[in-house]
Amino acid sequence: MHQTVTGKPPIFQAAQIVKIEKRHREYIYMALDSPYIALNALPGQFVMIKLPDADDLILPRPFDIVTADSAKGEIELVIKITGKGTHRLSHKKPGELLLLTGPLGRGITDFTGDSSIGLLVRGVGAAAVVLLANRAKEKGIKVVTFLSASTKERLVCREYLEPLSHTVFIATDDGTEGYRGNAWEMLDSFLDKTALDQIYTCGSRRFARHIKKLDSEGKTRGFVFLEGFMACGMGDCHGCAVKKAKEEGYFLVCQDGPVFPVGVVEIKS
Amino acid sequence: MSDLSVTIAGVRLPNPVMPASGTYDYSERHDNFFSPAELGAVVNKTIFLNHKPGNKPPRVYEAPCGMLNAIGIPTAGVKDFIENTLPLMRGYGVPVIVSIAGNTSEEFCKLAEIITETGKADMLELNLSCPNLNEGVEWARDKKLLYDIVKLISESTTLPVIAKLSPMVTDIAEMGLIAEEAGASALAVFNTYRGMVIDINTMKPVLGNIAGGLSGPAIHPLAVYSVYSTYKRVSIPIIGMGGIASWKDAVEFILAGATAVAVGMYNFVNPMIMIEVIEGMSRYLHEKGISNIRDIVGKAHR
Ligand SMILES: Cc1cc2nc3c(=O)[nH]c(=O)nc-3n(C[C@H](O)[C@H](O)[C@H](O)COP(=O)(O)OP(=O)(O)OC[C@H]3O[C@@H](n4cnc5c(N)ncnc54)[C@H](O)[C@@H]3O)c2cc1C
Ligand SMILES: Cc1cc2nc3c(=O)[nH]c(=O)nc-3n(C[C@H](O)[C@H](O)[C@H](O)COP(=O)(O)O)c2cc1C
Ligand code: FES
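First to last, the sequence lines map onto chains G and E. With this note's numbering, letter number 162 in the first sequence gets 162, and the count goes up by one each step, no holes. With this note's numbering, letter number 7 in the second sequence gets 7, and the count goes up by one each step, no holes.
Treat each hint with caution, since some may be false.
Some but not every residue of chain G turned toward chain E, in silico, with C-beta under 8 Å [unchecked claim]:
id, residue
1, Pro9
2, Phe12
3, Thr86
4, Cys232
5, Met234
6, Ala241
7, Glu248
With a Cα cut of at most 27 Å, we get these calculated BS3-like pairs of lysine-lysine [stated by the list, open to error]:
id, chain 1, residue 1, chain 2, residue 2
8, G, Lys268, G, Lys84
9, G, Lys244, E, Lys232
10, E, Lys248, E, Lys204
11, G, Lys268, G, Lys219
12, G, Lys243, E, Lys52
13, G, Lys139, G, Lys22
14, G, Lys268, G, Lys213
15, E, Lys79, E, Lys143
16, E, Lys299, E, Lys151
17, G, Lys243, E, Lys56
18, E, Lys151, E, Lys204
19, E, Lys204, G, Lys268
20, G, Lys212, E, Lys56
21, G, Lys152, G, Lys139
22, G, Lys268, E, Lys52
23, G, Lys243, E, Lys79
24, G, Lys8, G, Lys84
25, G, Lys139, G, Lys93
26, G, Lys92, G, Lys72
27, G, Lys80, G, Lys219
28, G, Lys246, E, Lys143
29, G, Lys268, E, Lys56
30, G, Lys244, E, Lys52
31, E, Lys204, G, Lys244
32, E, Lys52, E, Lys79
33, G, Lys152, G, Lys243
34, E, Lys52, E, Lys204
35, E, Lys204, G, Lys243
36, G, Lys19, G, Lys80
37, G, Lys8, G, Lys19
38, E, Lys204, G, Lys80
39, E, Lys56, G, Lys244
40, E, Lys56, G, Lys213
No lab work stands behind these hints, which were simulated from the structure alone. We put the CB at the ideal spot given by N, CA and C, even for glycine.
Extracted from the complex, chain G is given alone in its bound form (with noise of 0.2 Å):
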């Protein structure tokens, strides 16, 4: 069973950065104190953030909730440094506060009936996946990881996929560490001798594509989780659009996702 529901409404509120870490140049590791978010939190959920006095970076980003441990009441993020918002978060300080609105989008709730999810996630599409290999395992799920990214320092919340995984199995494009080449080779030749009830995949088109024709073949069922540029994260702005595959018109990202059966939604090439 995959189910996925809109759990507890969100709350807007200035939150303390906790923890703030730069790590390889290109990745923030930060913790923000908020107590709601922390115990409401659901796979596959989302916040967005507004840095505070900063009318010229007007929109709130939206990221992945990678952990949510409601006894300290702190949520984590893994961000990408890639334009200005996320660059300008880098430079923030413990103690500081951002602005911070969620939890956001639709939480899977339901594994009942399944045995084993696989996870096959590239770059920083890996902080998609934390929160559920978290929930799957402590449900008794085996799940299984297909970590990739170009390069060794990209290998994205591997410390906290490791110890959640029954095995994690690396590539890099270039070799510095694992395989080197395509992850999907690696599942592919994993699913030829074991089955995996559900697949989510993060952080790729080509592997969503790879995905939907395992799924259309049967071989498993496959989910994507899906990025679009937002404004409000919370179905006000109909902004974060992506095309359905089976009908005419749109599915909203933030309302109706960001996760989504891989077959339901166009996969752009």
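We have chain G already, so just place chain E with the ligands on it with the hints.
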């Protein structure tokens, strides 16, 4: 406590703050922020008569102090609206403004009639100015088109009609006057400016629709001046909008001549903004010793 209530075309709004069409959805996602019952009025995203999917993505992109949107008004059509959205809007106990649009005057008129017949709307807002539809010139940019459509719809409904104007005209005050002469009971000033962003890496426009409407703080002074100059010419109430990001921005509109204000894109930035605007206005009036917000409408002219 100062009196924040205002009247537009005989309809009393408990306060002058409402969402700008297309920027606020009536859903449980807002439960932790505030109830729409606290607003001056509720306004829906523009609907068309029949289902329409909207534009291809990307539909939104950030601009300096604002955003571009090319949503293209996806709509489930009037039947779905009457079944699912209108009862929800009616339930909040504040005036209901239904925003409508049409591809042709017949379609526009028919939609106005259907909404009027429900008996559940207090006013109709005619979106004459969406810059994202590629079917000819927007009604609000051509004097004759504007006059004819406002007249046709005003005559076919018993509801007060708000004409939503476009800033992309030579003289918006004159367009306001034309809408008034055609029978509009109020004006919404205004919709967005058309703009574009080009991705220098792909060398292509970012938005799926190529161009989109610019809104947000970037357009606020332009909108304030439009309200100011329109107020000089018309005698019907104006709903001011464009770039409200704080209660101060909203007060500027009132001083320029707006009877009420609408908050648009900033709802995406701060989901509490509309309540903060209402509270801020109330504090401002109290501190200035003004008992009634109506006393400062157009005050900047005097
Ligand atoms: C549901 C969801 C979850 C995400 N989770 C993560 C995550 O956990 N870690 C992470 O590093 N990134 C994540 N992203 C991508 C992240 O939101 C963008 O990298 C970020 O918004 C870039 O902001 P910027 O100001 O640095 O870039 P700029 O290019 O300067 O941003 C300009 C505008 O484009 C938008 N934008 C740019 N790239 C993207 C993108 N890839 N997706 C959506 N909007 C974009 C920005 O939000 C902003 O509005 C996620 C995106 C979505 C939709
Ligand atoms: C995402 C988005 C969608 C919009 N959709 C509509 C719409 O459906 N109908 C309409 O009349 N105006 C629409 N508008 C225009 C707003 O109602 C408003 O006139 C404009 O954005 C200026 O206000 P702002 O600067 O506060 O956003 C939309 C604006 C945005 C940003
Ligand atoms: S981001 Fe506004 S509807 Fe999804």
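Cross-check of the supplied hints:
1. Pro9: 4 Å, holds
2. Phe12: 5 Å, holds
3. Thr86: 13 Å, violated
4. Cys232: With a closest approach of 4 Å, the Cys232/G hint holds.
5. Met234: Because about 4 Å separates Met234/G from the closest Cβ in chain E, which is inside the 8 Å limit, the hint holds.
6. Ala241: 5 Å, holds
7. Glu248: Interface hint status for Glu248/G: holds (6 Å vs cutoff 8 Å).
8. Lys268/G - Lys84/G: Between Lys268/G and Lys84/G the Cα gap is close to 26 Å, so the pair holds against 27 Å.
9. Lys244/G - Lys232/E: Given that 27 Å is the threshold and the Cα spacing comes to 49 Å, the pair is violated.
10. Lys248/E - Lys204/E: 38 Å, violated
11. Lys268/G - Lys219/G: Judged against 27 Å, a Cα distance of about 22 Å means the pair holds.
12. Lys243/G - Lys52/E: Status holds; Cα separation ~14 Å.
13. Lys139/G - Lys22/G: 33 Å, violated
14. Lys268/G - Lys213/G: 14 Å, holds
15. Lys79/E - Lys143/E: 32 Å, violated
16. Lys299/E - Lys151/E: 31 Å, violated
17. Lys243/G - Lys56/E: 8 Å, holds
18. Lys151/E - Lys204/E: 41 Å, violated
19. Lys204/E - Lys268/G: Roughly 17 Å between the alpha carbons, so the hint for Lys204/E and Lys268/G holds.
20. Lys212/G - Lys56/E: 22 Å, holds
21. Lys152/G - Lys139/G: 31 Å, violated
22. Lys268/G - Lys52/E: 22 Å, holds
23. Lys243/G - Lys79/E: 24 Å, holds
24. Lys8/G - Lys84/G: 31 Å, violated
25. Lys139/G - Lys93/G: 36 Å, violated
26. Lys92/G - Lys72/G: Status holds; Cα separation ~21 Å.
27. Lys80/G - Lys219/G: With Cα atoms ~33 Å apart, Lys80/G and Lys219/G exceed 27 Å; violated.
28. Lys246/G - Lys143/E: 43 Å, violated
29. Lys268/G - Lys56/E: 12 Å, holds
30. Lys244/G - Lys52/E: 14 Å, holds
31. Lys204/E - Lys244/G: Satisfied, since the Cα-Cα distance of roughly 24 Å is no more than 27 Å.
32. Lys52/E - Lys79/E: Distance ~13 Å between Lys52/E and Lys79/E Cα, so the pair holds.
33. Lys152/G - Lys243/G: Outside the cut-off at roughly 34 Å; violated.
34. Lys52/E - Lys204/E: Holds, because 26 Å separates the two Cα atoms, which is no more than 27 Å.
35. Lys204/E - Lys243/G: 20 Å, holds
36. Lys19/G - Lys80/G: 16 Å, holds
37. Lys8/G - Lys19/G: Given that 27 Å is the threshold and the Cα spacing comes to 26 Å, the pair holds.
38. Lys204/E - Lys80/G: 24 Å, holds
39. Lys56/E - Lys244/G: 11 Å, holds
40. Lys56/E - Lys213/G: 25 Å, holds
Against the hints set out earlier in the document, violations occur for numbers 3, 9, 10, 13, 15, 16, 18, 21, 24, 25, 27, 28 and 33.
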